[in-house]
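**Q** This is what each chain is made of:
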Amino acid sequence: MHLLDWNDVADSDWNVCIEQALLNGADRRRLENSHSGKNVGLVFFNDSLRTRVSMELASSSLGATPVTITPGSGTWGFAWDKSKPMLGPEAEHIQEAVGVLSRYVDLLGVRLFASGTNWDNDMQDTMLKQFAAASTVPVLNLESATRHPCQALADAAVLTRHFSGNTTRKKFVLSWAYHPKALPMAVPHSTLLMAARLGMDVTVARPEGFELDPDVMAKARDSAARNGGSVAESYDLPKSADGAHIVYAKAWGGHARYTDPSAEAEERHRHKDWRVTEGTMAATDKAKFMHCLPVRRGVVVDNEVLDGTDTLHLDQAEFRLHAQKAILNWMWDQAGQIQRPKLDFRP
Amino acid sequence: MHLLDWNDVADSDWNVCIEQALLNGADRRRLENSHSGKNVGLVFFNDSLRTRVSMELASSSLGATPVTITPGSGTWGFAWDKSKPMLGPEAEHIQEAVGVLSRYVDLLGVRLFASGTNWDNDMQDTMLKQFAAASTVPVLNLESATRHPCQALADAAVLTRHFSGNTTRKKFVLSWAYHPKALPMAVPHSTLLMAARLGMDVTVARPEGFELDPDVMAKARDSAARNGGSVAESYDLPKSADGAHIVYAKAWGGHARYTDPSAEAEERHRHKDWRVTEGTMAATDKAKFMHCLPVRRGVVVDNEVLDGTDTLHLDQAEFRLHAQKAILNWMWDQAGQIQRPKLDFRP
Amino acid sequence: MHLLDWNDVADSDWNVCIEQALLNGADRRRLENSHSGKNVGLVFFNDSLRTRVSMELASSSLGATPVTITPGSGTWGFAWDKSKPMLGPEAEHIQEAVGVLSRYVDLLGVRLFASGTNWDNDMQDTMLKQFAAASTVPVLNLESATRHPCQALADAAVLTRHFSGNTTRKKFVLSWAYHPKALPMAVPHSTLLMAARLGMDVTVARPEGFELDPDVMAKARDSAARNGGSVAESYDLPKSADGAHIVYAKAWGGHARYTDPSAEAEERHRHKDWRVTEGTMAATDKAKFMHCLPVRRGVVVDNEVLDGTDTLHLDQAEFRLHAQKAILNWMWDQAGQIQRPKLDFRP
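Protein chains in written order, with this note's numbering: chain A, 9 to 355; chain P, 9 to 355; chain V, 9 to 355.
Check the hints yourself; a few may be wrong.
[Stated by the list, open to error] Pairs of lysine to aspartate or glutamate residues, derived as DMTMM-like cross-links and limited to a Cα-Cα distance of at most 25 Å, are as follows:
| hint | chain 1 | residue 1 | chain 2 | residue 2 |
| --- | --- | --- | --- | --- |
| 1 | V | Lys-137 | V | Glu-98 |
| 2 | V | Lys-92 | A | Asp-281 |
| 3 | A | Lys-189 | A | Asp-230 |
| 4 | V | Lys-90 | A | Asp-318 |
| 5 | P | Lys-90 | V | Asp-310 |
[To be verified] Pulled a few chain V residues facing chain A out of the computed Cβ check, cut under 10 Å:
| hint | residue |
| --- | --- |
| 6 | Asn-47 |
| 7 | Pro-93 |
| 8 | Leu-95 |
| 9 | Glu-104 |
| 10 | Met-131 |
Think of the hints as simulated: they come from the structure by calculation, not from any bench. Only a predicted model underlies this, so the values are computations on that prediction, with no experimental measurement involved. Glycine residues also receive a C-beta, built at the ideal position from the N, C-alpha and C atoms.
Kindly generate the complete structure, drawing on both the sequences and the hints.
**A** As structure tokens, this is what we get:
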């Protein structure tokens, strides 16, 4: 019922969603008002630009009514633990908050970043799963601790379009980039899994100490193998860029931030040269630059690259809209008629 | 024109609204687009989850466009006093703010909690009345210092449904509960008046020093008497629960918080045992647990009760949506065509 | 393509917009759903009441879907400089933020007040122009450092209606008023240019040291001359009010705030008597009082004036809605079909 992770979804459905995203991109009024009368709740525990705007507009375009909830701003924070009496600042438990919203809407989207305090829970998306378990309507992950399925589908559609459907064995470099903060891993994980599923030859270029979740690496290797591609790792971005068709930059923090944040920061700050420059791009096979945005100019990528013509970052952002329409439509098709509590009494 | 307090509304209208709420609950698309072209302004001086979401969705479902205003967040705060030059941080007087919004919308909803500084003004809903007086369109109370009519109608519909219309003489316990904060009294007041109007045998169970407004108590007694029920008070929750059909828990602060907040807090903290437990419910006649939400687990009610099957709290929340559609529809029917300033000039 | 300043727009279009605003005011459902399927992005760098509410409702009335973005609240702040690596708190550059939003919406409204740090840049609306340059869809100025075209059109329509179309040579006093803060100059500039364009005899009444931008003064004098009116300045409000048909009050800070804020404040505080009173109005030719709101009672204008019948301030606010519908409709007519990136690939 939920879409928390594309890994839970069959290839056939994944492919249908890519195709639908492309059709939506080719005709912005496609599916217009196809779901009128439905409501969509969007719960943002973390900031957003693209995601909120594109989800509100995707919902509206389908004829559904979106309503955005920002815990802590206009509403109170939520408690997540049932084992302790709620004597803190949180006025409501997530169980009731989600239970109530489920009664109002036909789908809940939720953005819920990594706690940053417990690696295992974050990699298991424990909080997202608790949220989903409390919901009686389909839940869509709008970026969790470890996955960003909306971005993944948008990127898959952009790549499919860019390569006219022939993504297999195209060389895709997922390059770590420096960033002043230890960013979470949802995007690199989802990007890796997405590119592997498209059968690309993926290289994860990153400094030592900035490995992705081993479980995600293993899943990506399996997926690439099944789809005719491969997954490699490298500590050398310039070398990885050689012959690349895509350079996808993304900053993320080291695993060590969970146990020793200052050591992680010190280590990270040693890699300020991990930045995509004109030089990086020159070594490629006329590669396109990709980034999920927001991106820091002069830190993750140089102005010359971003302001040039060999970029897909704005297309990626645009396809969030088209991809999310495809996802909403697909989820509601899957869910069929939402089962609501029967009301037998007639006055 | 306004709906500030159900006490201002005839029984016939109150009953129509209950019936309409039930019909809306039975068919979620009832009244869909029946008020297209209308606009609804929702002004939240205080946090909200259910109320904002359900008001936005109720408005949209009727075809109206909701717009939410949060004074102090995205807009400035408002001054309420005309007797002093406005040299403080507030950039606009409530007179203009409401006057302007009245020109844009066909109904204004407003949430405006107790000041907590002046008991008499709070019990008279002085600020709400000032807001309403500045409006040229109908004003709907979304919880004021002393009333919460939307919750009351939702609860009345849920009770009517639960008892298949036969609420008379059913035993309804409104139980005070401990809470770390001195909460306002809008919900207990509205709940008491609502249950009395349904002809239930109501017991207000509460510690000494936590009495409801005497005027509300008197009105409730009158209403109960007219409708075949009764109102009693008790300092003993377990005893009150004996044979109850409904246990409605709610925390509220003592009257003393207006004059001596620390004494009130000290007194309140002495009653941490006023919590609805499985033991409380065991003494009842298979009572259902009710709460308006948000509720603090382990403080107001135990997990075992809330996670059990004998609860109506999510139905209450759901019926906010159905009840508010009924209210909007009824208020606009009452208001007839909104009278707007005539524009005679034609270019 | 953009509407940043009415000075960039031909008289014929300006007049069409006034006429359309009046028609919209006479029939609130005019143009209803004439732009369904379109999206409007509203970016508020500064607080708003009238503007956000009326833009959301204007958009919705036309059938378009509005989405409001508040940088720094629910989304991150934006960087504006490309010359420095983005190592500060801003997570995204305005270039990408606007570039992305352009992909989602058919028009961007933006409120972006004066920096207060650089007079020349503010008077040139440098930031607004940077924002507009990054957009591939029409940009509407919702109040910038130096212009407020939506207010100007609303006011022009109200004046045209009030004088039944005969605004020429009517005496219009734009009166400076005291205010505890050094407010920006967008409204006085736009008001002056608007009244001059209507051919009115405009007097700018203000203390020494509170002159408007000389370039705006010159443009206003030219415009008034072309349209049969005039522009004068005065240090004497009571004298200026003599025989006036309109008294339009507005506070603004002195030029000196850019170089010496405390001197400006000291100078400003010397003019607390610049307040519109019953006495001010008594000297006029039954003048109407105007203000763009928000207004400070007892500081800018007395209660007796604002609560009297000789005011147009609520009509001005109401006409924001009608004017903005006219503007949206006109901008989209101008823009024709929005040119979007062609999507050639069909899956």
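**Q** Need the status of pair Lys-92(V), Asp-281(A): alpha-carbon distance at most 25 Å?
**A** Distance of about 15 Å is within 25 Å: holds.
**Q** Would the hint linking Lys-137(V) and Glu-98(V) be met if the CA-CA limit is 25 Å?
**A** holds, 20 Å
**Q** Does Asp-310(V) lie within 25 Å of Lys-90(P) when you go C-alpha to C-alpha?
**A** holds, 10 Å
**Q** Once the shortest beta carbon distance from Glu-104(V) to chain A is found, is it less than 10 Å?
**A** Holds - the Cβ of Glu-104(V) comes within 10 Å of chain A, reaching about 6 Å at its closest.
**Q** Does the interface hint hold: is Pro-93(V) within less than 10 Å of chain A, judged Cβ to Cβ?
**A** holds, 3 Å
**Q** Please verify whether Lys-90(V) and Asp-318(A) have alpha carbons no more than 25 Å apart.
**A** With a Cα-Cα distance of about 19 Å, the restraint between Lys-90(V) and Asp-318(A) holds, given a limit of 25 Å.
**Q** Restraint: Met-131(V) near chain A, CB-CB cut 10 Å. Satisfied or not?
**A** violated, 28 Å
**Q** Min Cβ distance, Leu-95(V) to chain A: is it shorter than 10 Å?
**A** Interface hint status for Leu-95(V): holds (5 Å vs cutoff 10 Å).
**Q** Take the shortest C-beta to C-beta distance between Asn-47(V) and chain A; is it under 10 Å?
**A** holds, 5 Å
**Q** Would you check the hint for Lys-189(A) and Asp-230(A), treating anything up to 25 Å between C-alpha atoms as holding?
**A** violated, 31 Å
Hint check: violations occur at hints 3 and 10; the rest are consistent with the structure.
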